[in-house]
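Visitor: Whole structure, please, built from the sequences with the hints as guidance.
When we follow our numbering, the leftmost residue of the sequence shown carries the number 97, and every step to the right adds one.
Rather than coming from a laboratory, the hints here were simulated on the basis of the structure.
This one's a predicted model, so the numbers in the text were calculated from it and none came from an experiment.
Be aware that a few hints might be false.
[Said to hold, decoys possible] Cut-off 30 Å, straight-line C-alpha distance, at most; resulting in silico cross-link-like pairs (DSS-like, lysine-lysine): (1) Lys354 x Lys296; (2) Lys117 x Lys261; (3) Lys296 x Lys229; (4) Lys296 x Lys261; (5) Lys264 x Lys229; (6) Lys296 x Lys117; (7) Lys101 x Lys403; (8) Lys229 x Lys261; (9) Lys101 x Lys354; (10) Lys410 x Lys101.
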Amino acid sequence: MSAYKQFTNNDVISVPFTVTKGFAFSGEAITSSAGIDFYAGLNINHLNYDYTTEPTTGLVALQDKRGIYNSARSLYYSNDISYYGDLTTGSYNLFNSKYNPNWEQYLLQFTGSVSASFGRFYNYPSTTLYNPKYFPTATQSLLDAGSITVVSIPTNLYGNYIVPKSFKLGFIDNITANTYYITDNGEGNLILTSGSNTSKVGNIFYSQGIAVITTGSFSINCNQWAEDISSPTWYDDLPGILYTSINFSSSVTLYENKYNCAILENEFGFSQNPSLASGSTNTLYNFATGSYFSPYITSIGLYNDDKDLIAIAKLGQPLQCSPTTDTTIMINFDMV
97 MSAYKQFTNN DVISVPFTVT KGFAFSGEAI TSSAGIDFYA GLNINHLNYD YTTEPTTGLV
157 ALQDKRGIYN SARSLYYSND ISYYGDLTTG SYNLFNSKYN PNWEQYLLQF TGSVSASFGR
217 FYNYPSTTLY NPKYFPTATQ SLLDAGSITV VSIPTNLYGN YIVPKSFKLG FIDNITANTY
277 YITDNGEGNL ILTSGSNTSK VGNIFYSQGI AVITTGSFSI NCNQWAEDIS SPTWYDDLPG
337 ILYTSINFSS SVTLYENKYN CAILENEFGF SQNPSLASGS TNTLYNFATG SYFSPYITSI
397 GLYNDDKDLI AIAKLGQPLQ CSPTTDTTIM INFDMV
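Guide: Written as structure tokens, this is what we have:
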């Protein structure tokens, strides 16, 4: 049977702490189980948007290549790219300017001063360190390879952020059959490694779960890799996803809840266990009526306001209630 006592605000303490968890996926599990997606972004060299002919990308969820390129540019790189437009004469290069991506053809809305190269958008930083970034701005036709590659990790996997120096993307070149690895250096840069050679190929944005590959200045064109990764003839006439792996660690904040269960010397001095009384006469047995008798605590339950049991704590060994001193039992449990 139970005995109830109300907690006060001073009895309940919630302490946050951060934990990490490592993930490793390979082959089709990357997309099917983990939901990690690969997008090819394209700076398309024409003004009109036609959803029937707009090229799409993605293995988990289809997106427009134009939208992937524009979103990455606006969110992460716009303040690192010079402005080329001239609104005063009416002649401007739409795709070499910093602009609001939610535009309509005749209602183009620029953000910020046209004479300034900075401050038009809040670019989510990869780290708090100064980190100059490169982003390709050359326009492409519909048939050209993607200008950028975006690796998108869902929030349920990366939690608060991807732990720096934990990201590793491996894949096989479909032409040379060489194995390549892209890792982050802990400062927001993506580093391509092939044998003893290394080169910077993009950026990772830890708090967004986004890795952006922005250059293809190496033997395999990583910008086209996202486009061809699902090709059935990538390597050995099989899809490239089968030769791809990804590793990273996530960071999640948990909350340790501490409940101080204070038992005063004059509280809970009598047991409500029905075995202490005779079943026929309902009178207490002699051993339970002595002045030295004191019950033992074996478990503590936590209840809500409706007296519904929501958690139970078991003591390592029975604890006798003291009739002369106060007793405090601390209960700890973690919550996401």
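Visitor: Any hints this thing doesn't respect? Which numbers, in order?
Guide: When the structure is compared with the hints, only number 1 turns out to be violated.
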